[in-house]
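If you read the sequence shown in our numbering, its first letter stands for residue 1354, the second for the next number, and so on.
If you're looking for bench data, these hints aren't it; they were derived computationally from the structure. Where is the CB? At the ideal position from N, CA and C, for every residue including glycine. Heads up, some of the hints might be wrong.
Said to hold, decoys possible - Calculated lysine to aspartate or glutamate pairs in the EDC-like style (CA-CA distance at most 16 angstroms, straight line): (1) K1684 / D1741; (2) K1684 / D1662; (3) K1724 / D1745; (4) K1684 / D1701; (5) K1495 / D1460; (6) K1495 / E1449; (7) K1724 / D1698; (8) K1684 / D1705; (9) K1724 / D1701; (10) K1684 / E1749; (11) K1684 / E1721; (12) K1724 / E1749.
Said to hold, decoys possible - What follows is a list of derived Cβ distance ranges for each label pair: (13) A1510 / P1551: 17 to 25 angstroms; (14) P1551 / V1367: 18 to 26 angstroms; (15) R1665 / L1463: 43 to 51 angstroms; (16) T1716 / D1378: 22 to 30 angstroms; (17) A1510 / R1748: 50 to 58 angstroms; (18) A1396 / L1463: 13 to 21 angstroms; (19) R1739 / R1384: 20 to 28 angstroms; (20) S1373 / L1516: 23 to 31 angstroms; (21) R1459 / D1661: 30 to 38 angstroms; (22) A1403 / D1378: 33 to 41 angstroms; (23) R1459 / R1665: 49 to 57 angstroms; (24) D1719 / R1497: 29 to 37 angstroms.
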Amino acid sequence: MLREIDAVHGAYYVALRGWSLLAGDSIEAVRAFSALGVGVTAAAVVLLVARHQRLRTAVAAGLVCGIAPGLAWTALDGRSYAWSAAFAVLATLALENACRNRKRPRDWVLYGAVCVLACCWHLYLALLVVGHGAAVMVGFPKGRVPWTLTAVGTAIAGVPIGLVAWSQRDQVAWLTDTNYSGDRMLLNQLASGQAADPDWLRWVFAIGLIAFALLGIAKLWRKSRRWLPSVLALWGGVPTVVAVVCAVVADGGMHPRYVTFAVPAYAIAATVGAFALPRWTPAVAAVAGLAVVVPILVAQRGESAKPDDLRRLSATAAEVDADAVYFTVPKARSIAAAYPEPFEDEVDISADPDPELDPFFPTIRDAETIKGVDVDGLRVLVYGTRNDRAADRLRELGCRSEPVTTDRHFVVTLFTCPSLSPAAR
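Using the sequences and the accompanying hints, generate a full structural model.
Following this line, the structure appears as structure tokens:
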């Protein structure tokens, strides 16, 4: 598997194999696994907060975490991000337990084991470990030495998966949605990035969440409970700052979903901040929060939130009587990669005859190498994007085109090619 996957999500794919044996590999089953991760995250938040706050505050924090759009977004995605948030909370729970029993080495070993598993699940969780360390240095000086020893062991154990992930960075070079501005990175991390979500409404939620989180951290700090506010501030702040800086300086290479494991920290701090309000105002804040967040969550699950309906696009391969398929650019192969069954019996004339091993989307054959004999009398179903929709080479060979269907980014066209004379063959 390490040769064929993005190792940044290494352990997730191993777990997903087991889940698929139990639940199947349909898109619903894969997304159910992610949705379960959000549920585990919310439950773990209740356990963590209950150790420091009243039970009603802990339960409210779990609810806020479960409906926070930035995290709810990950429940719709067949990736490691939802469970990354769960591991972030579990690792924080393990750290809290180790700090309470700092003289028991087994608790620090357990914390280290959870951190190793978390980083192997999603490598960006190394930022959480860094945040934990800074929080220990600030809020729990007696834990500095055991945390340092644990962190060194965690780093050594995580080096192999890190090296593999670095060697595979070209696997995700085809991604075109990592060029975010700093403000967009922050907005999408906290309030999701679905196309159907109106920006102004998401900004209301994001600004409110940050404001209440700062209030909650300040309240905890004033009460001399330095460990929890330090952890929350650094757990939420370090990944967010790194993501925003990457967006501003690196001009790409980071996606808001990579750091959504910081959202539970914002949810916990914001809930504590809301309960710090006088008298009945926490209830008003809760009602106002629901009024903002419900439309965002509904929009996340709407038809217009989907960038493309790949299932419908792939179905054209079975519905149209074609002899072959042609992909104008590698990105168009995502249709067949997502739903391969309709394409199993189709000849792909755009496939590179000598492709370099690529676990995602193989390269496209040089169009100039396609000859008339390759498309002799064939009906070719062409999958392209709006920018690269046409197979110009097929037109040069005399093929006639007719539209089939379009989506937000993709265009499907049917080309009917002429039969060659026996002499031309």
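Against the structure, the hints:
no. : hint                              : result
1   : K1684 / D1741                     : holds (10 angstroms)
2   : K1684 / D1662                     : holds (14 angstroms)
3   : K1724 / D1745                     : holds (13 angstroms)
4   : K1684 / D1701                     : holds (15 angstroms)
5   : K1495 / D1460                     : holds (15 angstroms)
6   : K1495 / E1449                     : holds (13 angstroms)
7   : K1724 / D1698                     : violated (22 angstroms)
8   : K1684 / D1705                     : holds (15 angstroms)
9   : K1724 / D1701                     : holds (14 angstroms)
10  : K1684 / E1749                     : violated (23 angstroms)
11  : K1684 / E1721                     : violated (20 angstroms)
12  : K1724 / E1749                     : holds (10 angstroms)
13  : A1510 / P1551: 17 to 25 angstroms : violated (44 angstroms)
14  : P1551 / V1367: 18 to 26 angstroms : violated (38 angstroms)
15  : R1665 / L1463: 43 to 51 angstroms : holds (48 angstroms)
16  : T1716 / D1378: 22 to 30 angstroms : holds (26 angstroms)
17  : A1510 / R1748: 50 to 58 angstroms : holds (56 angstroms)
18  : A1396 / L1463: 13 to 21 angstroms : holds (19 angstroms)
19  : R1739 / R1384: 20 to 28 angstroms : holds (27 angstroms)
20  : S1373 / L1516: 23 to 31 angstroms : holds (27 angstroms)
21  : R1459 / D1661: 30 to 38 angstroms : violated (50 angstroms)
22  : A1403 / D1378: 33 to 41 angstroms : holds (37 angstroms)
23  : R1459 / R1665: 49 to 57 angstroms : holds (54 angstroms)
24  : D1719 / R1497: 29 to 37 angstroms : violated (59 angstroms)
Violated hints, in rising order: 7, 10, 11, 13, 14, 21 and 24; the structure is consistent with all others.
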